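Each chain, written out:
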Amino acid sequence: MALELPENVVVSRLDELANWCRKNSLWPMPFATACCGIELMATGASKHDLARFGAEVFRFSPRQCDLMIVAGRVVMKMLPVLQRIWLQMHEPKWCISMGACASTGGVFDTYAVVQGIDRFLPVDMYVPGCPPRPEQLIQAIIDLQDKIQREGTISGREFDTVERQQRKRALVESIEPLTLDASRNPLLQQQFSLQQLSGLHTNAPPLGRS
Amino acid sequence: MPHRLGVADLFSHWYRTFLVVIFIGFFRMPHTPPPLDNVLQSLASRWGTLDVSTYRNQTRIVVAESVSLEVLEFLKAEGFDLLVDVTCVDYLEYRGALNRYGLVYLLTSTTTNQRLTVRVFVDDPTPCVRSVVPLWEAANWLEREVWDLFGIHFEGHPDLRRLLMPEEFAAHPLRKDYPLQGRGERHNFPILTRHDG
Chain R
10 MALELPENVV VSRLDELANW CRKNSLWPMP FATACCGIEL MATGASKHDL ARFGAEVFRF
70 SPRQCDLMIV AGRVVMKMLP VLQRIWLQMH EPKWCISMGA CASTGGVFDT YAVVQGIDRF
130 LPVDMYVPGC PPRPEQLIQA IIDLQDKIQR EGTISGREFD TVERQQRKRA LVESIEPLTL
190 DASRNPLLQQ QFSLQQLSGL HTNAPPLGRS
Chain X
915 MPHRLGVADL FSHWYRTFLV VIFIGFFRMP HTPPPLDNVL QSLASRWGTL DVSTYRNQTR
975 IVVAESVSLE VLEFLKAEGF DLLVDVTCVD YLEYRGALNR YGLVYLLTST TTNQRLTVRV
1035 FVDDPTPCVR SVVPLWEAAN WLEREVWDLF GIHFEGHPDL RRLLMPEEFA AHPLRKDYPL
1095 QGRGERHNFP ILTRHDG
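These protein sequence lines are chains R and X, in that order. First residue of the first sequence? That's 10 in this note's numbering, and the numbers climb one at a time after it. First residue of the second sequence? That's 915 in this note's numbering, and the numbers climb one at a time after it.
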């Protein structure tokens, strides 16, 4: 049955409409810990003008954000904070790992620096560079917008795919002696109990013994 | 006719301020501090012969751990009122080293500009010295840092917790037998996926 529509009516899927709204109003959560944060600020400032892509509303409350930009190295003390902030953000949410340190640990291959946040968090976009130019970050946001437009759904079904649940990389290093004592850190305890509840796996045996 | 500045104006009006500043500065130029002979002699008379060495006008003394607090207390009374730093060196596999850990106390006298380095050597299995927090409040965080990174225990410290590393960390990472990339602590976190939130 053909339906006669006036010329000024556009027909679309609801998913498409939601994606169009979401991708043009990304509110970034700036998790800036190092020099990448300076480039992040430059990206938001008037010269590069992130407002052209609808992502200029930086909010320092995770409750109001849907795009986490991790800019800079993340150390052991910071990672539980990062994970807590990620959990506090509302769905739908995305994560950009900005720069070499956030993506791989960069040159900081030492005992205290996490070797890539994607080992412990779902990451959607990686930005290479040390630090990346604002143009690179803008390109990552444009790519993320494309991704949202392409595969987004109004109910967030795309986040439940098997591919999205898997870790990006396999850990190659083996965990030998266990030298963390979770009983002294309430934040870690809480996270590990959460992990046991949801039946997740870590790359290490559960903590609590030392 | 407008007034033109001449040489006489340098010594009149507000230009005099510059002259006074230059005059004071001339007498307050940094001077070489008096030698440490008196202090070293009185130290030697109380605690016997000391291991004293000098390198480029910097004097250091080595003090036994059993009397370190008394010596530092004496030095503070002698005028070394500023504790600049407390730090440590791990001499594991260092050539010619007799002890494993060497603590460094950098002292300064704010009245005479004298400086003195005090070394205290301690060993495994329980490296321990007495805390100098009762003498200098500045030692509080410095000793916490040394405890955190080297595992030197400071007896009598009011609050000996880790300063830099996370609390659940159990090793002392600046020891030479600790691997640079750690023992896997940095990979020991729960993994969040999209299911978690």
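A couple of the hints might just be wrong.
Unchecked claim - Derived SDA-like pairs: lysine to any residue, alpha-carbon spacing no greater than 25 Å straight-line:
no., chain 1, residue 1, chain 2, residue 2
1, R, Lys86, R, Ala43
2, R, Lys86, X, Pro1087
3, X, Lys1090, R, Phe117
As the list claims (entries may be wrong) - Quick list of the computed label-pair ranges, beta carbon to beta carbon:
no., chain 1, residue 1, chain 2, residue 2, range
4, R, Leu96, X, Ser980, 51 to 59 Å
5, X, Ser967, R, Arg142, 51 to 59 Å
6, X, Arg1108, R, Val90, 40 to 48 Å
7, X, Glu1069, R, Glu100, 47 to 55 Å
8, X, Tyr1005, R, Ile151, 54 to 62 Å
9, X, Pro1039, R, Val90, 32 to 40 Å
10, X, Glu1081, R, Leu23, 46 to 54 Å
11, R, Gln97, X, Pro1072, 52 to 60 Å
12, R, Cys139, X, Val998, 51 to 59 Å
13, R, Asp152, X, Asp1038, 38 to 46 Å
Simulated from the structure, these hints should not be mistaken for lab results. Given the structure is predicted, the values throughout are model-derived calculations rather than measurements. For glycine and all other residues, C-beta sits at the position ideal for the given N, C-alpha and C.
Do the hints match the structure? See the list:
1. With a C-alpha separation of about 15 Å, the suggested pairing of Lys86/R with Ala43/R holds against the 25 Å cut-off.
2. Note on Lys86/R and Pro1087/X: the hinted pairing holds, with a Cα-Cα distance of about 15 Å set against a maximum of 25 Å.
3. Among the hinted pairs, Lys1090/X with Phe117/R is consistent with the structure: their alpha-carbon atoms are about 18 Å apart, no more than 25 Å.
4. Checked against the given bound of 51 to 59 Å, the beta carbons of Leu96/R and Ser980/X, roughly 53 Å apart, stay inside it.
5. Hint check: Ser967/X to Arg142/R, Cβ distance near 53 Å, so the stated range 51 to 59 Å holds.
6. The hinted range of 40 to 48 Å is not satisfied by Arg1108/X and Val90/R, whose Cβ atoms lie roughly 20 Å apart.
7. At roughly 53 Å, the beta-carbon separation of Glu1069/X and Glu100/R lies within the given 47 to 55 Å, and the hint holds.
8. Checked against the hint of 54 to 62 Å, the pair Tyr1005/X and Ile151/R passes, with Cβ atoms roughly 55 Å apart.
9. Range check, Pro1039/X to Val90/R: Cβ separation about 36 Å, and the 32 to 40 Å hint holds.
10. Between Glu1081/X and Leu23/R the beta carbon distance is about 49 Å. The supplied range of 46 to 54 Å therefore holds.
11. A C-beta distance of roughly 36 Å is found between Gln97/R and Pro1072/X, which places it outside the suggested range of 52 to 60 Å.
12. At roughly 35 Å, the beta-carbon separation of Cys139/R and Val998/X lies outside the given 51 to 59 Å, and the hint is violated.
13. For the pair Asp152/R and Asp1038/X, the beta carbons lie near 54 Å from each other, so the given range of 38 to 46 Å is not met.
Consistency with the previously given hints fails for numbers 6, 11, 12 and 13, ordered from lowest to highest.
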